[in-house]
Amino acid sequence: MPPVEPVPHDAGPGGSTRAVPRTLVLVAAVLLVARVVLAVVEPRPAPQHAAAAATERVRWVPIADAADASRRSGKPILYDFSAAWCGPCRSMARDVFADRTAAREIERSFVPVRVVDRSREDGRNPAAVDSLQRRYGVDAFPTLVVGMPGAVRFERTSGYGGRAATLEWLAESATTERQRATGAAPDTAGLQ
Amino acid sequence: MIGTVARTLVVQRLTSPMRLVLAAALFGFGVLSVLFTGSLAALVAAPMGAFGYVAAAGLIGQEVSSGVLTMTFARPIRRSDWVLGRWFGALALACGLVALQVLAATGAALVRHGDVGLQLIAFKLLEGGFAAVGTCSVLLALSALVPGLGDLGLMVLGSILGATLSGAGMQTGRAWLARAGEELQRFLGATIDPSPLFGQGTVSWFEIVSYLSTVSLCVVVAIWAVNRKELSYASG
Chain G
884 MPPVEPVPHD AGPGGSTRAV PRTLVLVAAV LLVARVVLAV VEPRPAPQHA
934 AAAATERVRW VPIADAADAS RRSGKPILYD FSAAWCGPCR SMARDVFADR
984 TAAREIERSF VPVRVVDRSR EDGRNPAAVD SLQRRYGVDA FPTLVVGMPG
1034 AVRFERTSGY GGRAATLEWL AESATTERQR ATGAAPDTAG LQ
Chain B
15 MIGTVARTLV VQRLTSPMRL VLAAALFGFG VLSVLFTGSL AALVAAPMGA
65 FGYVAAAGLI GQEVSSGVLT MTFARPIRRS DWVLGRWFGA LALACGLVAL
115 QVLAATGAAL VRHGDVGLQL IAFKLLEGGF AAVGTCSVLL ALSALVPGLG
165 DLGLMVLGSI LGATLSGAGM QTGRAWLARA GEELQRFLGA TIDPSPLFGQ
215 GTVSWFEIVS YLSTVSLCVV VAIWAVNRKE LSYASG
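First to last, the sequence lines map onto chains G and B. If you're matching positions, the first sequence starts at 884 in our numbering and goes up one per residue. If you're matching positions, the second sequence starts at 15 in our numbering and goes up one per residue.
Everything labelled a hint here was simulated from the structure, so no lab data went into it. One should not assume that every hint holds.
Taking CB as the label site, the calculated pair distances span [unchecked claim]:
1) B:211 / G:942: 18 to 24 Å
2) G:947 / B:170: 45 to 51 Å
3) G:1051 / B:110: 24 to 30 Å
4) B:162 / G:948: 56 to 62 Å
5) G:1009 / B:178: 46 to 52 Å
6) G:1010 / B:131: 52 to 58 Å
7) B:88 / G:971: 52 to 58 Å
Only part of the chain G face toward chain B is listed, based on derived beta-carbon distances under 7 Å [said to hold, decoys possible]:
8) 901
9) 904
10) 905
11) 908
12) 909
13) 917
14) 923
15) 988
16) 1047
Backbone N, C-alpha and C define an ideal beta-carbon position, used for all residues, glycine too.
With the sequences and hints as input, model every part of the structure.
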C-alpha cells in the first residue's frame, strides 16, 4: 500500500478543491495555437533534403579520396551504403550521423564515406558505387561496412536496428579493426 | 502542499522494488555502454528518457486503482495542487536519475580515457533531462485517463498507431497521413534536441513550441481529468 499524503490542507482562498490554474490553461492554449501556426508556417525540409541536412555533422570523405585518407591516418574506412528513397537510412542519418557527439566519435575512429545508390532514380550507378557494392556484397540499405583499404576481411551490418545498436556495432568494429592492424587478429581469412 | 505531495511521490517510488530494479537496469545499461565504448556518446537519449517511465508510470492511475485517491480527496485538498505535486515529484526523480547516470557515465568514460568535456556532459544532461520531462508529462496525462498502469498500454498503442499511420502515409503517398503519424509520435515521445544550444544545427521553433505545448497540454489534461473524477467508497 503506497503511503498517503500526510498533510490535510485547506483549498486556498478560492475555496473550491477543483479550481483550475487559469494561467497554466492560458499558457497551454497559447502554445497549442503557436504549435499549429508554426506547423503550417515553418518550412519543413523535403525528404531528400532531410537526409542531406542530417549528414552535416559527419564530414563525408569522397569515395576517390578514402583509400589515401585511410592509409595516411591509419583509420579504417566506414562505408555508409544508402539511398535517397530509403526510410531507415534517413532514420540512421538523423539518429547517428546528425548527432554531434556520435559524429565526432565516428570521425575520430573512421574515415567516413557515404555511398549513395542511384539505380532507382537514374537507372544505373556510377562505376565507383557499383564496384563498392559488388566488393562488399551490398544488397540492402542501409548497410555499414568497416575495413581497411584492400583488406580481405571487413565488418558489415545491414538494416537499422536503432541508434544504440549502431553505435555499439561501430565501437566493436573499430576495436576489431584496431586488433587486426596490430596483428592480434591476423587478416588471413577470405571475404565474409 | 505541492512540495509535500512531490516528496511523498519520490519516497513512494524509491520504496517500490520493481521500479528500483528497472531503474538499476537502465542505469547499468547506460553506464556499461559507456564503459564498453569509452565514449560518453554511447549514453543515448531514449534509455535516459526511460527514467521517466520508472518515475511516472501509473502516476495517477495507480492511486485511483488502490483507492488512495479516494482517501486523499476526502480532505480539502486542491486537486490541481495534488496533480502538480505528483508531476513535480516525478520530474525531480527522473531528472535526478538522469543526472546521476551522466555523472557515473562520465566517470566510466574517464576510466577508459575517453573524450569527455564539460560541453559534452552538459549536452547529455540536457538531452536526458528533456526526454525525461517529456515522458513524465505524457504519462501524467495518460495516467489521469486510465486506471492502474493502463498509461503504459496507451503509450504502446499510441506508438504503434503513430508508426503505422506514418508508414502507411509514406507507402501510399498520402503526406497528411504520414504527418498525422509523425505528430502522434512527436507527442508521445516529446523531447528536444539540445544541439543548437551548443552551436550545432539550426533552431527549429516548431520543435521547441511543440515540446512546450505537449508538456503544458498534458498537465492541463491531467488536471481536467482529475477534476472530473467522482470518487467515493461506493464507486469502486
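Against the structure, the hints:
no. : hint                       : verdict
1   : B:211 / G:942: 18 to 24 Å  : 22 Å, holds
2   : G:947 / B:170: 45 to 51 Å  : 47 Å, holds
3   : G:1051 / B:110: 24 to 30 Å : 27 Å, holds
4   : B:162 / G:948: 56 to 62 Å  : 59 Å, holds
5   : G:1009 / B:178: 46 to 52 Å : 37 Å, violated
6   : G:1010 / B:131: 52 to 58 Å : 42 Å, violated
7   : B:88 / G:971: 52 to 58 Å   : 53 Å, holds
8   : 901                        : 4 Å, holds
9   : 904                        : 5 Å, holds
10  : 905                        : 10 Å, violated
11  : 908                        : 6 Å, holds
12  : 909                        : 10 Å, violated
13  : 917                        : 5 Å, holds
14  : 923                        : 10 Å, violated
15  : 988                        : 5 Å, holds
16  : 1047                       : 5 Å, holds
Of the numbered hints listed earlier, those contradicted by the structure are 5, 6, 10, 12, 14.
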